[in-house]
Amino acid sequence: MAYLDHAATTPMLPAALDAYVAAVREVGNPSSLHAAGRGARRLVEESRERIAAAVGARPSEVIFTGGGTESDNLAVKGIFWAGRAADPERTLVVVSAVEHHAVLDAADWLGVQEGAEVVTLPVDDAGRVPPEAVAELIAEQGERVAVMSVQWANNEVGTLQPIAELAGLAAAAGIPFHTDAVQAAGQVPVDFAASGAAALTITGHKLGGPVGVGALLLGRDVACTPLLHGGGQERDVRSGTLDTAGVAAFATAVEAAVKAREEYAVRVSALRDDLVARVRAVIPDAIFNGAAEDRLPGNAHFSFPGCEGDALLLLLDAQGVYCSTGSACSAGVAQPSHVLLAMGADDARARSSLRFTLGHDSTVADVDALLAALPGAVERARRAGAWKTPR
Amino acid sequence: MRVLAAMSGGVDSAVAAARAVDAGHDVTGVHLALARNPQTFRTGARGCCTLEDSRDARRAADVIGIPFYVWDMAEEFHDSVVDDFVNEYAAGRTPNPCLRCNEKIKFSAVLDRAVALGFDAVVTGHHARLGADGLLRRSVDIAKDQSYVLAVLTRAQLDRAMFPLGDSTKERVRAEAAERGLAVADKPDSHDICFISDGDTRGFLESRLGAAPGDIVDGRTGETLGTHNGAYGFTIGQRKGLDLRVPAADGRPRYVLSITPVSNTVTVGPREDLEVDVVSAERPIWHDLSADVSCEVQLRAHGEVVPATVSVADGTLTARLTTPARGVAAGQAIVAYRPDPGGDIVLGSATITAGSRAGADV
Ligand SMILES: Cc1ncc(COP(=O)(O)O)c(C=O)c1O
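Going line by line, the protein sequences match chains A and B. Read in our numbering, the first sequence has 304 at position 311, and its numbers run on one by one without any break. Read in our numbering, the second sequence has 67 at position 25, and its numbers run on one by one without any break.
Be careful, since some hints might not be right.
Stated by the list, open to error - Chain B regions said to be covered by chain A (calculated; three or more residues, Cβ under 8 Å): (1) 157 to 164; (2) 174 to 180.
Unchecked claim - Simulated restraints, written as ranges between beta carbons of each label pair: (3) ASP125/B with GLY378/A: 17 to 25 Å; (4) ASN271/B with GLU136/A: 54 to 62 Å; (5) GLY357/B with VAL105/A: 55 to 63 Å; (6) GLY223/B with GLN328/A: 30 to 38 Å; (7) PHE281/A with ALA133/B: 48 to 56 Å; (8) ALA133/B with ASP101/A: 57 to 65 Å.
Keep in mind the hints are simulated off the structure, nothing from the lab. Ideal Cβ positions, reconstructed from N, Cα and C, are used throughout, including at glycine.
Build the full structure now, drawing on both the sequences and the hints.
Put into structure tokens, the structure is as follows:
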């Protein structure tokens, strides 16, 4: 089998797995005062320090959560709530058109339930938010913005955003800026302090840690209303008994991924470039989506004209090649990717796309397996035709 | 063979897929999303198109251990089945949407796509037999037999169809589902029309076609006996819900004899006027028939069978019934069977256009 879906989730690093297994054997709630609790707390706090050091944050800025989705929701909703409470004029939520649904749907929910006004930032044909669009928005109605959220790297097409520039514009206008760095951490340099962002999301399972544990890096002076109420374990912003083993494994993975990043990026982007060149050679009319340069090292994304992405996925799956169409399901049915549509692709092109993502254990054999299966799959899928009449 | 199992989320299609795996085929499960705005949960026993059904199908595929995908066929279903259903009623005919779905969706849109993607056949959980001889036969479970709604399939479609359940009773299928650890084993059967979730066909048609009041007239005297709110709300042979102002002279119940969309009238009369012994039908799908054939015909889903002589000429099928039948509605299928100890064999089918008494039009 060839696993080309590391952006969906990537295997746990052996060191993270070891850390998990070692910690999960021990009893102890990090909030307990006895020795067992102290042991757990020590592990949690060391983990917090290691993560902080790896991503340019202070330990007190690391809020552990149940993963990327929770961190995004906490940032978007919590900062909105706190911002509007402090200044009722601040009712705008600004998000880019290519955000993950954890951000987009949280913003939409605020729009429907909380009377927020959702402003969507456009992207260019590579999926990048033009800084001028942000500057323009700020000039026009900056003092009404409660929270702005633009991802560091896109999970579908791998495009990197000019985060430092966007965060700088927001900071200068006093707007709290959140960035979803789930796909970026461990892949490209991510430094919270240097980025100028007020809040930043990371998650364990995209960088070799476990699923279900993540963090929101939240600047110490950024007001954020909690989503989950209870024991107030995490700076009173997030409640719930901490997953000591998960946190320890997460920290191990973050540290390892950041440490290995440079060497990883060189190796994996070379593999990716090879994949792209070979796909282009065998399917000359394949359209490469996303940015050529400012891109995640492991991401390759194509549209295959005349094919349904769904059909290609089925055919490649049958050959043991695992990839993704990147399209979300709505009511159980695949919808054309909102990311590609925002980049100006038409419905047919959006539906004809496939994402291949490489990771820490990818080898040239994975690329070989893809290339062995792809030409036949594309031919078949073409014969099956763009069967779906555009809505 | 590489086969595609259409999985509705019900017990039949789940067991059919499992049996295809046991038979040594390389099986991929597909759930057809047919509703434009699917509901989250099933209500009662209707439909097969909720998200819950889709999850049930996926869970069954996981238990069986086959890949599973959802194919969005909502537009095709809407155009070929739902619109057709409404248009047929508007034209005074009585359509069978399950039959249409087999003809246009499962063994057409889905089959075509499957074949293009390299599959050899489509497997479904229909209760009918399709053996090595290529003949379509009734299921051993006569009460659950679905050969009537499959009789529209052409030879080419049947050649790429597999019905692994035809040799089993429904009871046996449920027991087998339980043995296989399929949670859908005791899921209720779906009834009625899947896209009319509240079961109110007349209300559904009225919402699509609008109210269209017209007269109800006596077929013998031409007298106006009452009014109706839309001729599409009636089916040939219907007795209830006529709400006639003028009682019949002989005091006997009256039945819908015909529906005339042009004048928007519903004609009623006594039971004997419903009787026909010649049935004409169009668009025949006929498996190997040259001269007149003595056989049995079935004139509606779950209807009784009548001995008949059938001939096909110039795209028209004519069936002469040995004993008269009642409630023969245009738009329904006539399906001809040859009685056989190994399961009655489907000889062919056609869409009914008219019924008459030998010699005189009714
Ligand atoms: C950009 C992005 N944000 C958020 C998430 C959600 O993270 P999690 O799966 O940890 O909830 C994902 C992954 O699915 C992602 O790719």
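Hint check results:
Using a Cβ-Cβ cut-off of 8 Å, 3 residues of the stretch 157 to 164 of chain B lie near chain A, which meets the minimum of three, so the contact claim holds. Under the rule that three or more residues need a Cβ within less than 8 Å of chain A, the assignment of the stretch 174 to 180 of chain B is violated, with 0 such residues. With their beta carbons about 23 Å apart, ASP125/B and GLY378/A fall inside the hinted range of 17 to 25 Å. For ASN271/B and GLU136/A, the hinted distance range of 54 to 62 Å is satisfied, since their beta carbons lie about 60 Å from each other.
Between GLY357/B and VAL105/A the beta carbons are some 56 Å apart, a value that agrees with the proposed interval 55 to 63 Å. Roughly 33 Å separates the CB atoms of GLY223/B and GLN328/A, a value that falls within the hinted 30 to 38 Å. Taken as a hint, the range 48 to 56 Å holds for the pair PHE281/A and ALA133/B, whose Cβ atoms sit roughly 52 Å apart. Here the CB-CB span from ALA133/B to ASP101/A is close to 44 Å, at odds with the stated 57 to 65 Å.
When held up to the earlier numbered hints, the structure conflicts with 2, 8 and fits the remainder.
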